[in-house]
Amino acid sequence: MKKREKKKWSGSNWMDTYGDMVTLLLCFFVLLYSISTIDTVKWKNFVKSMNPNAEDQVSQLVLDTDAPPDREDVPGGSELEKSADREKIDEDFDDLYEDLQKMAEESGGEILVTEGDDFVFIMFRDRVIFEGDSSVLLKEGEKVIDKFAETIKPYKSAIKELRVMGHTTQALPDKKNPIESDRTLSAMRSARVTIYLQEKKALEAYKIVSLGYGQHHPVASFKTEKDRSMNRRVEFMISKTGGSVESLDDYYSQIFGDTTKSAETTDTKKD
Numbered sequence: 002m003k004k005r006e007k008k009k010w011s012g013s014n015w016m017d018t019y020g021d022m023v024t025l026l027l028c029f030f031v032l033l034y035s036i037s038t039i040d041t042v043k044w045k046n047f048v049k050s051m052n053p054n055a056e057d058q059v060s061q062l063v064l065d066t067d068a069p070p071d072r073e074d075v076p077g078g079s080e081l082e083k084s085a086d087r088e089k090i091d092e093d094f095d096d097l098y099e100d101l102q103k104m105a106e107e108s109g110g111e112i113l114v115t116e117g118d119d120f121v122f123i124m125f126r127d128r129v130i131f132e133g134d135s136s137v138l139l140k141e142g143e144k145v146i147d148k149f150a151e152t153i154k155p156y157k158s159a160i161k162e163l164r165v166m167g168h169t170t171q172a173l174p175d176k177k178n179p180i181e182s183d184r185t186l187s188a189m190r191s192a193r194v195t196i197y198l199q200e201k202k203a204l205e206a207y208k209i210v211s212l213g214y215g216q217h218h219p220v221a222s223f224k225t226e227k228d229r230s231m232n233r234r235v236e237f238m239i240s241k242t243g244g245s246v247e248s249l250d251d252y253y254s255q256i257f258g259d260t261t262k263s264a265e266t267t268d269t270k271k272d
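Numbering (the numbering used here), first residue to last: 2 to 272.
Honestly, the hints are just simulated from the structure, not real lab data.
Don't take each hint at face value.
[Said to hold, decoys possible] Only pairs whose alpha carbons sit at most 30 Å apart, straight line, appear in this in silico BS3-like list of lysine-lysine:
| no. | residue 1 | residue 2 |
| --- | --- | --- |
| 1 | K83 | K157 |
| 2 | K144 | K202 |
| 3 | K161 | K208 |
| 4 | K154 | K202 |
| 5 | K148 | K103 |
| 6 | K202 | K83 |
Input sequences plus hints: build the corresponding full structure.
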């Protein structure tokens with residue numbers, strides 16, 4: 002009877018275990034890389050330390066160049082860097098408010114500038130920018146917006162959003178405006194100003210929002226011509242980078258108090 006030959010051990014089985022371990026380590030490092038933020042300067046220094054003549058290899062670092070430079074959803078960064086950035090944004094936003102205040106003083110009272118929680122509010126009367134019942138920019142209005150564009154340009158990184166808000170007034174105290182003309186006029190006014198600002202490159206285009214509110218957010222009553230003229234207006238709402246964007250009523254409650262909320266309902270109870 003033949004003896005069963007013993008199976009010879011090849012000695013290479015350890016390679017399987019080693020291969021699995023290397024694969025797992027690779028996956029682990031890929032995971033670490035995917036959730037990390039690469040510091041460009043450190044990467045360049047690392048490449049140069051490995052190969053002093055590898056200037057061209059620095060370009061192998063892939064950056065997201067299409068993303069807006071001041072988006073807030075960029076991961077990584079030390080707490081110290083974030084704190085410094087926050088301090089710089091706060092400082093720039095305060096300077097922006099002061100410069101806008103100077104602009105308002107030079108306008109002779111035709112422009113109102115108010116500061117709130119993480120925002121600056123600017124109100125322009127329609128006689129400064131538009132004629133009544135018109136959405137065509139006046140030459141005087143263009144000069145005012147030119148000055149505004151020059152004022153905000155140096156503070157782009159501190160600005161999260163610029164709302165351009167067009168408003169109308171109720172032509173008759175006891176009768177609402179026709180819906181189509183009312184909404185169209187307010188929307189056209191805000192659109193004209195938005196287009197002008199974008200052409201002037203005052204701010205990144207994605208930060209400028211055009212809104213038309215019609216007659217539905219008055220700051221005064223509809224009873225007298227003086228009050229109605231106050232309701233015909235274009236407003237800018239500049240929110241700070243890192244701040245929260247609230248509703249128009251929330252902003253108004255900080256600027257004017259609760260008195261404006263009842264202006265429309267008080268004058269239109271007869272409808």
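Quick one: which hint numbers does this structure break? Sort them smallest to largest. none
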